[in-house]
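A.B. asks: Okay, here's what each chain looks like letter by letter:
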Amino acid sequence: MKTLVSLALLTAFAAAGCATPRGAPGALADIRPGQRPALDSDEAGLWMQMDRVEGNLKTSGQLITDPALRTYLRGIVCKLASEHCVDIRLYIVQTPHFNASMAPNGMMQVWTGLILRADNEAQLAYVLGHELGHYQRRHSVQLWRDARTKTNVATVFAVVAAAAGQGYVGSLAQLVALGSVMAFSRDNEREADEIGFELMARAGYDPREAPKIWESLDKERKAGKDSEPSIFFATHPPTDERIETLKESARKAYTPDRAWTDGRQAYLAATRPLRATLLQDELRRRDFARMQVLLDHLMAAEPESGQLQFFQGELYRLRNADGDPGRAVESYEMALMIGGAPPETNRALGLLLMRLGEKPRARAAFERYLTDAPEAEDKAMIRSYLEQLR
Amino acid sequence: MTGRRRVGLAVAVLATLLGGCARYSLVEPKPRTIADRYTVDPQISWSALTDGKWELWTVDGFGLESIQFLGGLNDGEPLFRTADDQKRLKFRKDMSASELVELLVDGLTSIGAQKITVTNLRPHRFGSADGFRCELAFVTRNGLEKRGMAAGGTIDGRLYLVLYSGARLHYYETHRDDAERIIQSIHMK
Amino acid sequence: MRMKHRRWMWLLLLVGLSGCAQPSSLLRDRNWQRPSGTVRVVVMPPDVELSELTAGGLLEPKADWTELARQHVAVALERQLRARRAVVVPYEVPSSGGEEEAADDQLVKLNDAVGTAIILHKYLPALALPTKTDKFDWTLGEGVKPLQARTGADCALFVFFRDSYASSGRVAMMVGAAILGVGVPGGRQIGFASVVDLRTGDIVWFNRLVDPSGDLRTAGPAEKAVQGLLTALPL
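If you read the sequences in order, they're chains G, F and H.
Quick note on numbering: the first sequence equals residues -10 to 379 in this note's numbering.
Quick note on numbering: the second sequence equals residues 2 to 190 in this note's numbering.
Quick note on numbering: the third sequence equals residues 114 to 348 in this note's numbering.
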């Protein structure tokens, strides 16, 4: 990704009607709609950097610009942010990492790793509401001010500047190594959770969905390789207490007489067209333990998906541990049987069968591939395999 | 350039500044041996640099255009050495061309390329091997759009690759024909 | 324009250490004919960023300093060009939609890559390219045509500055400096300018700021820096 651009630097941004600062005495006041910092303020420096990052982001080539998806997501954001919606510019960034962030200048990012993992609109709304909470309380300004007083730690700016233009895992490690600078405090997290929760409930989303996204993220994180740092967890330290608190809040907030929605159907309709691309991006990370958790989660909700079975096969094929080639073949064959599997399924099956010396079956798979995708970019190569397998 | 490579370059530069010798050598347009395995006809003059198993040539600077020769990757090695080698896809000597392309994409990803697309993958005789050719497009981590072409093959269990890439604006086109002729001129020793 | 903080730090270091025997400005062709009559120059937005070196050794970009420097640099640029009787065409972000803006952005990114190549291979003797011996023929190519068509300018001027000012006596320890055990003095100014002939896309002139010119936040030194940078500007 052109950029794991700009970390979660969230700045406050006032929620409707709430001008008095909450939290600790001396806390920054909530941001008001349309407000900009004075040019000589330290906050202006932060905005300037965010403006730069936003400029880079716009031309990074990493954005998903599909109008239907943008309209859909923006609708959710505006439902949550109400009259502050006009101050927000939403960017969908194509990267397999889970993240959402909101910068002091109104730039909001949603990374496709998040879109892949949210089960429904309600879960997405909670995460976006959480980020709006950080923005509202200007937690990032506080973070940045604290960072400046620490020695031997790169500033948020240096990190952001390094991030702006970095897109690959190598930079993630650098950024997360500075995790102590980037992490919101427990108080900040609690506040943002409260606000996120409020906003989603007010908009009619089922509050019981809020803890679920943290739970599945946590599960994935525990399965993932230690070496793979998570930007989101670097800035939002995971705690068991959080999940319990959210469950408790949900119990209190959920009143059966109200018509809560999770927006699952609308969410699937809007995001399903993108899923194959996002799963492909996920595969390229090569973190198979983590991806297995994700696939298990997706397949639990959708056991009869040829697409998901294909990706299960790909996971086995690329992991290539003992017995994996055989497992991969089984998955591809199941995908083909279920239906809805992409044309690449037959190619992947053919390649594996060819490797295993199963010539007639390999030929059959390649022939099916060429039938389904006669204009494939690799048709000449596939034809040469067919020649070799004669 | 990867972070590691950048550090390596800086240290090397500092060393040469103290030592006083230049780093790039001149490749003249006459037959030249690569990796002690095959010869090519460079077509024109290039500035050359060696980095491990890779030999890199450029006319205008590596950020603008370059032709890179990989000389014999062994079974179990990733395409480029980076900080997260452990996780990367490794070359297997029984890889099909399609899988070699996956290796190439994984390698490019590891050094920061994004939005990598591969087109026109086709068979190509690389020296004594049934190899492949393809075209590429990608974006550097600084957002500069690039085009590329690759040719490769596995000979005696080791991977040989030629990768020509350059900025989509102007530089790729400038030496594309030279790169094509270089690929066609590959001749086993 | 974006800031590649880390990469520019390396360049600053390498440039700072490279010592003497470098060219100042580079001209593509001694006989380059400047367009007859008045020359229309589109001045690309100066890519300027000023940072503060804090007590903790942190490099912190400063909005107000940068804004000041940008203004001073822009004013100085205009003044320098008018003194040469060039017609300054201000750069305007294309309003007709994302594609033109993206195309301009690719041009800027390419210019950045070219500028880097020039600094590495023409100003650092150890990195000289044998293919560029006695040659200065870099170009942006045909990609400049849309810019030319939109602005009607003959040339484009790209200017780049990075500078930092120490807020205390403490000096930042750069990795390279640590290797050599050399302390790099505070206030690392780097600047370069390129003139691109929009008829051909060729970099007809390039200059690197050699002597740090003082505090770019104030008009006088900014004027001096721009003046120094545009010494021997062939317009």
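Some hints here could point you the wrong way.
Stated by the list, open to error - BS3-like mimics (lysine-lysine), calculated; alpha carbons at most 27 Å apart, straight line:
hint, chain 1, residue 1, chain 2, residue 2
1, F, 31, H, 248
2, G, 47, F, 116
3, H, 258, G, 47
As the list claims (entries may be wrong) - Restraint ranges, calculated between C-beta atoms of paired labels, are given here:
hint, chain 1, residue 1, chain 2, residue 2, range
4, H, 137, F, 174, 31 to 39 Å
5, F, 95, G, 71, 23 to 31 Å
6, H, 337, F, 51, 55 to 63 Å
7, F, 158, G, 366, 22 to 30 Å
8, G, 308, F, 182, 38 to 46 Å
9, G, 345, F, 53, 32 to 40 Å
10, G, 344, F, 189, 20 to 28 Å
11, F, 40, G, 288, 51 to 59 Å
12, G, 204, F, 53, 38 to 46 Å
13, H, 332, F, 29, 48 to 56 Å
14, G, 44, H, 259, 15 to 23 Å
15, F, 53, G, 59, 40 to 48 Å
16, H, 248, G, 174, 55 to 63 Å
17, H, 259, G, 265, 44 to 52 Å
By construction, these hints were calculated from the structure, which means they are not laboratory data.
The beta-carbon is built from N, C-alpha and C at its ideal position, and this holds for glycine as well.
A.B. asks: If a hint holds in the structure, say so; if it doesn't, say that too.
C.D. replies: Hint by hint, here is what the structure shows:
1. 31/F / 248/H: Since the Cα atoms of residue 31/F and residue 248/H sit roughly 22 Å apart, the hinted pair holds (cutoff 27 Å).
2. 47/G / 116/F: holds, 15 Å
3. 258/H / 47/G: Between residue 258/H and residue 47/G the Cα gap is close to 23 Å, so the pair holds against 27 Å.
4. 137/H / 174/F: 31 to 39 Å: Distance hint for residue 137/H, residue 174/F holds at roughly 32 Å.
5. 95/F / 71/G: 23 to 31 Å: violated, 60 Å
6. 337/H / 51/F: 55 to 63 Å: violated, 43 Å
7. 158/F / 366/G: 22 to 30 Å: For residue 158/F and residue 366/G the Cβ distance comes to about 28 Å; the hint holds.
8. 308/G / 182/F: 38 to 46 Å: Since residue 308/G and residue 182/F have Cβ atoms about 40 Å apart, the given range 38 to 46 Å holds.
9. 345/G / 53/F: 32 to 40 Å: holds, 33 Å
10. 344/G / 189/F: 20 to 28 Å: Given range 20 to 28 Å: holds, Cβ gap about 26 Å.
11. 40/F / 288/G: 51 to 59 Å: About 53 Å separates the Cβ atoms of residue 40/F and residue 288/G, which means 51 to 59 Å holds.
12. 204/G / 53/F: 38 to 46 Å: Given about 45 Å between the Cβ atoms, the range holds.
13. 332/H / 29/F: 48 to 56 Å: With Cβ atoms ~53 Å apart, the hint holds.
14. 44/G / 259/H: 15 to 23 Å: holds, 19 Å
15. 53/F / 59/G: 40 to 48 Å: holds, 44 Å
16. 248/H / 174/G: 55 to 63 Å: The hinted range 55 to 63 Å holds for residue 248/H and residue 174/G, with Cβ atoms some 58 Å apart.
17. 259/H / 265/G: 44 to 52 Å: violated, 35 Å
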